[in-house]
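Novice: Please put together the full structure from these sequences, using the hints given.
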Amino acid sequence: MNIIRFLPALVLYFIISPCTDATVAPLAPNNFAPDAISLDFSGIALGTEVNALFVDNVLFQVTQNGVPTNGKVIVDAGPGTTNNIAPPNLVSLSNPSGLALVVLFPNSTIQFGYGYAILAMSPLSPATTIQLFAGLTPVGSLDFAGSPDPKFTGGFAGLSSTMPFDRAVLTFSTSGEAFAVDNVTFAAAVSDQEWTLILFVIGVFGLVSLHLRRSLLL
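Letter by letter, the sequence shown follows residues 1 to 218 in this note's numbering.
Hints were generated in silico from the structure; no laboratory data involved.
C-beta: ideal position from N, C-alpha, C; glycine also.
Not one of these hints is a red herring.
DEER-style ranges, computed between Cβ atoms: (1) Ser-147 - Pro-106: 30 to 38 Å; (2) Ala-45 - Pro-106: 18 to 26 Å; (3) Asp-143 - Asn-83: 17 to 25 Å; (4) Thr-48 - Glu-177: 17 to 25 Å.
Specialist: See below:
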């Protein structure tokens with residue numbers, strides 16, 4: 001990110017913009033930021049448990065009715081190659097009723113998406129749902145329709161948020177007996193160093209504004 005070009009707009013945003021709820025919008029795979037990270041699970045042994053799995057500092061958890069659970073999702077080769085997934089990928093071992101795949105990011109994130117497939121062969125809406133959180137605070141959610149891709153129902157579910165988030169909860173239609181996930185992609189918000197610079201500039205801007213205001217009153 002070109003932080004020098006970004007700073008003036010961000011400073012102006014903090015000054016004139018009221019606090020609003022996040023806007024969550026669909027995002028196509030080719031519209032992610034150039035520095036977005038994509039995880040394809042290559043090099044991970046088939047059969048690896050996904051609950052508590054770390055991949056490049058991203059933590060994956062599997063919950064059953066909200067409780068962390070082993071033996072429900074593993075790294076596997078099914079259902080083979082589709083338009084949006086390829087072995088190895090994350091595969092559920094049973095009907096996804098009550099199952100959720102939780103993704104915890106190492107930094108605040110503003111873009112997120114993944115390829116998916118469901119063990120079904122007809123259009124589904126919703127096929128998958130993404131819920132976003134910043135800590136315990138809900139940020140927003142979005143449903144995605146799936147269609148044969150080219151055989152199993154699936155596609156790419158991607159979104160962007162105007163409010164940073166650090167956790168995504170993925171759920172899938174129970175119309176299929178299983179789901180698969182691959183190519184988990186995300187783009188971070190500004191880095192800690194960039195935030196430090198932003199806050200510094202905002203502070204300097206405030207001091208300059210205060211000085212100018214006092215000068216006008218003299």
